[in-house]
Amino acid sequence: MPKSNARAGMDRRRLVKSGLVLAAAQLASPFVIRARAADAVRIGLDNPLTGTYAAPGKNELIGCQMALAGINAKGGILGRPVELVVEDSTSGDAGAAVQKARKLIESDKVDFLLGNVNSSLALAMAQVSNEKGVLHVVPGGHTDAITGASCHWNVFRVCNTTQMEANAVAGALVKEYGKKFYYITPDYSFGHTLETGMVKAIAALGGEKVGGDLVPLGSVDFSSYLIKAQAMNPDVIIFLVQGDDMLNALKQAVQFGLDKKVHLAGAQQEMEPLEGLPPEARIGTWVMEWYWNQPGVPHVAEFVEATKKRTGRVPTARTWFGYVSTWTCAHAAESAKSLKAVDMAKALQDFRLPPEIALGPNPVIYRAGQNQLIASLFVGDAQAKGAAPDDLFKVTKVVNGAEAAGPVGESGCKMTWPT
Amino acid sequence: MTQVVLFNIFNGLIVGAFYALMALGLSLILNLSGVINFAHGGFLALGAYLAYTLIPYIGFWGALIVAPLLTAAIGLVVERVLIRPLYGGDPLYGLLLTFGLAYIFEDMTRFVWGAQSLPFQVPAWLTTSLSSQFFFVTGYRVFMVVIVVATVGGLFAVLNHTRLGMRIRAGTRDLDTVSTLGVNIRVLRSLNFGIGIYIAGLAGVLAAGLLGLSPTIGASLIMPSFVAIIVGGLGSLLGTLLGGLLIGIASGVTAVYLPSATEAVMYVMMGLVLLVRPRGLLGEEGRLH
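So the sequences go chain by chain: A and B. Following the numbering used here, the numbering of the first sequence begins with 163 at its first residue and continues without gaps. Following the numbering used here, the numbering of the second sequence begins with 4 at its first residue and continues without gaps.
In isolation and in its complexed conformation, chain B is listed as follows:
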């Protein structure tokens, strides 16, 4: 039994890393623009489907690079046309818009690619277990963790060591002052949104290797991202990362003792955090007023 629990904790870290990747893009967009992007799952699905379509032409690795870029491009268009008019207004409008967009994306993928699940092929050498005892550590999952670490590392590098990153961080604190200081905040918000959506598209390509590729793939992954952000704390990317990992582990351990509660446990965690420390574990107070 101890071995099962330990294995599940180990596995939970891997699964949690994936949740964290999804949540990071969402958190990035929320922190700077104040937009609650319910369509994040839809962009994830779009990334997955675009990768599926591209694989016969440029292979898995090509699709891994190109699909998130395409998704980010679509994200930039959506931001410019649909979301920009809502900045400065009630965050509720952003939520309503992206909520509707989520449904539109789901039906659009169903319309274009069909309702049936599509067989998504990853290179065979990736999808084998690395060890007989730790059979749940497959090459693909390790690869996924590597991508997550690289993305998180890359994101933090951009945020801390580039001018763009500095402006995004400053904008998260006080967008008005940043604007007054001469930075074009429209471009800033667009780029920030684009980065967030790039990460969503990347998560989508990774997800398609793990799960069946169907139009509901986005909807099934969006809720853990929100919970990760709330548990980890609004306004803190490190918190989001921590939140994702915690959910992954909690889910895994719950599966050992009470499998029917594996989905409910993350909401219980969210409820506890909101009761005891509403700003989240590493969050800042008064993030969304």
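This is chain A alone, in the form it adopts within the complex:
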């Protein structure tokens, strides 16, 4: 009897047995023994480690780990050692992110929650952290609502709002390129608010939107949108897509030779997509939220060296976000002399970060009433390479965040504190 005709060995008994083993594994996991100091302070990081945002998520994690090493070297938080508990929120599954947040808060009993790169996931997690009264720092989720219409007393954000980024770069774009703008926008909260911010900032300077496309997150082929964009005859095509989407769009635009017919630019840009682009596609005017090459600014070089030693590459804005977020937790506790979330949140109002964490030319402060970090924005041009091998961005102007941010009243944030 040819063996290939027999059932492949998976009979009902085996299926039931494997099912039982799987179920047991699920139940047993919380009890898996992990050597943990009983009195450690725990910081929970609920950020993407897989999917489209794995690269920025990984860099934020590295920043967190570097901060952790520094905090523990200085004696920890309130004399206690600090641990980082890391969970994969996935890049787009809000359900998973919320489930992990709950697990970190209820099961791991973290004192702080960090996350998320994905703005929508950050908003979902903020609901949980607010419900549970845990101090929550968002390292890299940009949509305005996080410190705007959906602000909470316990939620702080390190990276800029989309409106701030738009305000910082709009001037350079209108001045250098012209008045007719076409937008390629990722179709989710971040993209929507960034486009709204850009349109508003550019209109204030006399520019106009001649057309745009809302593109599904994770699109691979941008040729149709580029065909449409080119047909509208804009002065500039604005790429608001991020991560791999930005990479694909720019790569294809340059292959089409569009950079010779139209200016290509955008708002937020990061090292991660620039590193992944072929050199000829590293073009355009953008704004970065933090850049490693800041000659003359104290402490930056040490941070760059420390990162290079750990990873072999320069730190990106994401590394800095993770670094700042974790140090924020330490400073909040030390300042309030307590781990109670309300006390720490109050201590962070108008809190100015020390220079070795601020790592920038302007003062870096958590703005009171909004919990938004006001730092610097770096406007400049992408370049194939600079003087140093990792110098892929030529900074033309450093904007003080205080100028780019509108007044707190305009943000839409109405913060209420627990009684």
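Hints in this document: simulated from the structure, not taken from any laboratory. Hints are not guaranteed to be accurate.
Unchecked claim - Some, not all, of what chain A presents toward chain B, calculated at C-beta under 7 Å:
id, residue
1, Ala216
2, Tyr350
3, Ala393
The beta carbon of each residue, even a glycine, is placed where N, CA and C say it ideally should be.
Fit chain B to the supplied structure of chain A, relying on the hints for placement.
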């Protein structure tokens, strides 16, 4: 506006040809072995990453030849060790296994090559537009279409004019009888799987020139392949080719009128086909029982 639509249809054919290439390998494996290879995207990514690693040593053209062969070799090992025990069983097991394998491949590439996107260089003379008006027709895209046509041609030549091809075609109809007639169907299935994975690896090298090379490249391209097969019809390679082209065009035209629906439109097409003609446009009835 008409020009934009026409351009998008033209461009859709180019993009569709690429989807068709991916789907063909998948279809080949499905037709003969009845295995729904969810890991196809993972093999595509593997082909791309292997090419990236090889390019500094043997250049782009060398990598284009060698990387798919290496991927096919890995595919043969996977088939022998993991998939062969599942033949003759419920197709669900094959699906579950390859589904898990897809995750393993993605994390493995992330572990070996890192989560960040890697700059994949194709020869500069390829990546320029051939005409100012038809700017979306770059040398690279034309090259891609040429490769797709050559692969499809080669595949059909093998299937129709070689003994191996004849056995594969016969096996697609009735594997038991083929086995009874003395053909070693284990070797047949292995070779068939290898050819399918070779095509996946080739698609991967081509994809890396168009898109950013990151661990999620496989996951982002696997769904259009499945939709192409379902729309074009299970059991028919020509149908798969047609399905791929149709998806490409539909996506392109949708981008003109409703850009946020460009991904959804292929699923709408799939839904319509399943409702109106479940076997697919050129498919055969009762393909998967």
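These are the hints, each one checked on the structure:
1. Ala216: Interface hint status for A/Ala216: holds (4 Å vs cutoff 7 Å).
2. Tyr350: violated (10 Å)
3. Ala393: With Cβ-Cβ at 5 Å, under 7 Å, it holds.
Checked against the numbered hints given earlier, the structure breaks only hint 2 and satisfies all the rest.
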